[in-house]
Amino acid sequence: MRTGSLEMESFRLAAYTVPCPCYICGGGNTFDSELCRHCHAPMALAHQATTQKIQPRMIAAIGPSGAGKTVYLGMLTDMLSRQVDDLQMLARGAFSIKLQQHAMAALARCEFPNKTPNEPDRWHWIHCQVLRKRGKPAELIMPDLAGEALLEEVDHPNTFPVIHSFLSKCAGVMVLIDAPSAESGQSEEDFHTMKLVSYLCELVSDKKTGWQSRPVSLVFTKGDQCENCFEDPTAFARRHTPGLFQQCRERLKRHRFFAVGVAGAVGFRNESHGRVHIPLRVEPRGIIEPFKWLLDELGNSSGG
Amino acid sequence: MACCQPNIVESWACIATSAVALARPRQWPLGMTVMRRFLTPNWILAGAAPLSLLLGWLIGQFSLGAIGAAGALCALAIRNPNWRPSRGRKASFSEESPAQMDDWSPPKNTPRPPTARRAPADDGLVEQMIAHGREALLLRPQIAANLNDSDLAAAQVALDEAMAIVPQGVVNMRARCYEDLQEADAPRGERLVQVEGFFLDRYPITNGQYQQFVDGGGYEQMSLWDESIWPAVLGFTDQSGQPGPRYWRNGKLPAGKEDHPVVGVCWYEAAAFARWVGKRLPTDPEWVKAGCWPVTTDAGRPVQRKFPWGDAMDRRLVNLWGNGVNDTVSVTASPGSSSVGGVQQLVGNAWEWTSSTFGNWEPVGRKIETTMPLKAIRGGAYDTYFDMQAGCQFQSGETPLARKHNIGFRCALGFCDVVLTSGGMDMPAVASPEQEETHA
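Chains as they are written, first to last, in numbering that gives the first Met the number 0: chain A, 0 to 303; chain B, 0 to 439.
Next comes chain A alone, as it looks inside the complex (with noise of 0.2 Å):
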């Protein structure tokens, strides 16, 4: 190479002028992009599918603020990290496991994760593979969507396209629900949830693929804190959340309520910018069952 003088390296501004989709939103990005420019999923799911040849189906945990969605996941994915029930998660590219790191990091400390932050490219996305002992291997997508984004979403769509996305294209939903504010009457819980259901339901609307015939588990959280809802889920729904129970018997044909719990005890301690949530121990409950109920529903839809 001569001083003075800068090679043009044509053959690269090639790769420029392919697009690469996003697999969320489908939306073109370039070959070296690390978040989809338009919805900010990370493009290693693009990749992944180009590369292996592999077309991950979505299972999406929605719920609330607060509802525990990040502590469920964590869970989730540590317990099947570690093979429990049958089931062994393996996953797919490093990122997959910033969430379960994240949270587990934080439960081991005694503590709850830090809330997942509004910002889409913040959020930790998680895809791996599920091995079985009967039926095929699953690759799954399952990202942490921040709650409130996901009301924000509900209330105002396509503010989150990647929700909007991501939910058109889900195969299953897990609907997480805060069972102690349930139980004591606070009807905020019951009324999120609806909408996120109804929201559900108006995104495909189709009667043979929309959501009205997809799996969804309804799923209990924070069930140390109200034992009862353990025993019969379905019941508890029936007497708490009784709007919940209504739409979703008239709407989803595939739906079941489950119960879990991951701290055996909480408290809180008072710090500067408010109360803190404290778990006293760490003693999973249930945490298999939806996940399990939902992957079998998948197995059963796809023919399998």
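Hints listed in this document are in silico derivations from the structure and should not be mistaken for laboratory results. No residue lacks a Cβ here, since even glycine has one placed at the ideal position from N, Cα and C. Keep in mind that the hints are not guaranteed to be accurate.
What the hints assert, rightly or not - Derived Cβ-Cβ restraints for the label pairs, each shown as a range:
id, chain 1, residue 1, chain 2, residue 2, range
1, A, GLY134, B, ASN325, 35 to 45 Å
2, A, ARG81, B, PRO186, 31 to 41 Å
3, B, ASN325, A, PRO136, 19 to 29 Å
4, A, LYS52, B, PRO186, 53 to 63 Å
5, B, ALA183, A, ASN117, 31 to 41 Å
Since chain A is already given, all that's left is putting chain B on it; use the hints.
Just chain B now, kept in the frame of chain A:
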């Protein structure tokens, strides 16, 4: 409390207590309990003597009454050929005092697995109480004074089999957040606590043992329960509405789980059981001392174990999450997990209630608030996820009224609460520092 060697004064006291209790409808359970406890052949014969005298005096035939009383006493003497009046046996440890037992070694007697033993119906009260694991009551100074030597020895052997000794000494109690504290702040997160010597059950209380409490009317004996909790006792029922732990049915323990730790009992039920057997719940420092087994070195700072068997978790020894069981197991299932003092299964299987309040060791400014005061629980359970949370130093808490699927308990007993002799307890004599110097 009763023993099987009655005297006339006690029999009158029994009759009077029963009569007074039965005369007041609210005290019928107490009256029935006293009556049931004293309706043994020995007590009936002992009661017949004064009654016969009284009857003779009332009908004006005092000689007939005297003959009846003499007959009853003869029958009593024939039934109990070895009986002799007690001579004010003193509550003592003979040469050794509890405070001198730092160098204690485990007893030679084989520990008795905590199976609920069934006593023959015609056995005396002492045998029945020992069979029900209530030997600690017999060893109370005021009761032991009325026992004969063989009964006293039997009670002491039973206590020795059922409970391990934890010697007196200091224990380092650490805050939950101790590991997160800066080095300069670390002293704020730990506190040395002096613990007096005590006995601790070798095994957690089993379903079988708790069944005897339920069958013995423990839920009806209001004297066993804190007065503040009386209104709630009616609600301490099983799946079928019968008094008993939450996960039982029809007042019976779950099939095949006789030797599993009893769970589904709240703190008050645990405390009532402990009173019934003449013991108490261990305090939080006592529990930690039994598990960590601190050894004070020359530096003056106790060296403590993280787990009863050492400093590293060995998942083969304990029933925690991920072991594939996902339920309680027998309390004798992991003999390798015993503490230095011979206390079994302190870690895993079921959390254990202590008598202390949760959060006592948290430093100022890091206190954990709860909507109501919690009781401290220790040891982890079959669904505890993190190894560290099953360690001896980890304290968790639970509402005292909670009847959880994974919380049980074991009982403790202070040295000073019972009468012990060196013969019964196999205690080595401990020389005083002066004696050691003389010997050297």
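Hints, one by one, checked against the model:
| no. | hint | result |
| --- | --- | --- |
| 1 | A/GLY134 - B/ASN325: 35 to 45 Å | 23 Å, violated |
| 2 | A/ARG81 - B/PRO186: 31 to 41 Å | 37 Å, holds |
| 3 | B/ASN325 - A/PRO136: 19 to 29 Å | 25 Å, holds |
| 4 | A/LYS52 - B/PRO186: 53 to 63 Å | 60 Å, holds |
| 5 | B/ALA183 - A/ASN117: 31 to 41 Å | 37 Å, holds |
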